[in-house]
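2 protein chains.
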Amino acid sequence: MQEATYQKWNAQVTAWIDEAKANILEHFHEPLDVEQKSGRRDLVTQVDKENEQRFVAHIRESDPTARILGEEGLGDDVQDDKGRLWIIDPLDGTMNFVKQRDDFAIMLSLYIDGVGQAAWLCDVMGNRLFHGAKGLGVWLNDAKMTAPANLPLSEGLAALSGPLVTHDVDHMQAIAAASLGMRIVGSAGIAFTKVLRGQQVCYISYLRPWDFATGKILAEELGLVVSTVDGQTPTVLSYGVVLVATKQAQKAIVAMQTA
Amino acid sequence: MQEATYQKWNAQVTAWIDEAKANILEHFHEPLDVEQKSGRRDLVTQVDKENEQRFVAHIRESDPTARILGEEGLGDDVQDDKGRLWIIDPLDGTMNFVKQRDDFAIMLSLYIDGVGQAAWLCDVMGNRLFHGAKGLGVWLNDAKMTAPANLPLSEGLAALSGPLVTHDVDHMQAIAAASLGMRIVGSAGIAFTKVLRGQQVCYISYLRPWDFATGKILAEELGLVVSTVDGQTPTVLSYGVVLVATKQAQKAIVAMQTA
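If you're matching them up, the sequences are chains Y and D in order. With this note's numbering, the residue at position 255 of the first sequence is 255, and numbering never jumps. With this note's numbering, the residue at position 110 of the second sequence is 110, and numbering never jumps.
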């Protein structure tokens with residue numbers, strides 16, 4: 001993406017995110033209207049829906065020919081990745097928002113014909129906006145980020161998903177044992193930020209497109225790898241176990257699948 | 001403890017903690033001098049040791065007849081809980097400090113004849129000092145805290161320890177499944193703060209005295225329960241699996257041990 005194009009989008013999307021943050025903080029000290037989706041651990045609140053609705057309205061106005069894939073389904077029914085596609089998670093880590101009022105994120109990204117172009121990932125309570133574009137690099141708020149060290153799995157902390165660990169899916173317990181320790185934060189967006197910052201060498205979870213599409217663009221710009229657990233490249237419409245990791249950690253995790 | 005006595009200690013200990021925080025932040029952007037203790041996951045840095053040394057010196061001056069039990073062993077060789085005893089963890093979550101520069105704590109507490117009197121728990125990067133005394137309540141910085149809701153395990157997030165979960169010690173995987181989700185933060189001090197704030201309904205881990213002595217005083221003042229996993233009262237010199245939880249969550253966890 002051209003830098004001027006990116007800067008134009010960055011100004012707009014940052015304003016949309018500020019509006020979404022303000023909406024979240026307005027509801028911060030009052031009881032939320034919480035509904036279950038697929039089960040008691042899969043929640044949605046009126047804040048998720050209001051934020052998605054506003055993002056969809058802004059994108060329709062600013063990028064009228066684009067399609068929109070949003071977690072709450074208020075965008076389009078997207079079955080392929082052709083053309084301009086915005087992928088949005090208006091409030092990632094809804095359980096954390098409901099129960100902890102901490103560790104939740106807002107994510108938006110733009111793909112063209114399946115290729116990531118620009119991404120915005122906001123750690124709301126940490127006041128950290130990670131943003132960047134293909135070929136231009138990544139910023140944390142106003143500071144350009146440097147690539148994290150390419151540490152092996154054995155020299156880093158591993159962010160994993162609770163259900164994958166307790167059911168030992170894809171050798172998750174061996175991966176935890178090979179690392180310096182397992183961490184579980186309960187938000188894909190927040191877990192991605194820790195790998196981007198070099199605080200953790202990998203994050204592995206069962207992810208849907210809006211959980212990883214944004215983080216993938218930022219991670220790849222910083223020399224990290226996003227793949228399926230057996231080393232394949234996920235499309236942005238994939239559902240499954242996806243990881244983000246340093247090159248060395250990814251190699252070790254993929255090797256453990258066939259060992 | 002008398003309020004005036006507590007306020008006197010609070011002014012002193014807060015100043016010691018501010019000094020320890022300043023020492024931590026001084027080393028924040030430079031490589032640390034890291035040593036392994038019992039293994040590759042059990043670390044100590046020069047910052048842990050310097051902070052413990054300073055706390056010991058301050059306590060020796062302000063409370064000369066007291067004994068001191070510190071994680072790094074720079075206090076006394078304490079084999080019983082008689083008399084005045086300070087229990088200190090100069091930097092809890094050393095792995096997080098080394099690898100993430102986040103999610104670590106400082107903890108100090110005063111016991112007399114085995115009974116908790118006053119406690120200070122500092123979430124350094126969160127800028128949150130939890131402090132309080134027996135019979136006086138708990139403050140988060142300058143604000144008096146209210147007791148968290150007595151939620152059941154099934155309505156809250158559960159903070160657990162990675163090794164206990166992967167080895168399924170004491171039915172940890174069933175406890176995770178019964179909760180709304182498992183979280184692992186890698187610092188006993190930080191995990192205690194989340195239960196104190198009502199963000200999580202329990203925290204269970206293999207803990208040593210300096211890991212839980214401080215949190216225990218604060219938790220009990222807020223109507224929470226600290227016990228062994230089978231419902232016994234731990235002494236402040238206990239080593240073992242210890243939990244802090246709401247009354248309802250503790251009851252469910254203890255019941256699962258004999259089910």
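None of these hints come from the bench; they were simulated from the model. One should not assume that every hint holds.
Selected chain Y positions facing chain D (in silico; Cβ < 10 Å) [stated by the list, open to error]:
#	residue
1	P163
2	V185
3	T228
Note that the Cβ used here is the ideal one computed from N, Cα and C, for glycine as well.
The hints, checked one at a time:
The restraint placing P163/Y at the interface with chain D holds, with a minimum CB-CB distance near 9 Å, inside the 10 Å limit. Residue-level restraint check for V185/Y holds (minimum Cβ-Cβ distance to chain D is 7 Å; threshold 10 Å). The closest approach between the C-beta of T228/Y and any C-beta of chain D is roughly 23 Å, which is over the 10 Å cut-off, so the hint fails.
Violated hint: 3 only; the structure is consistent with all others.
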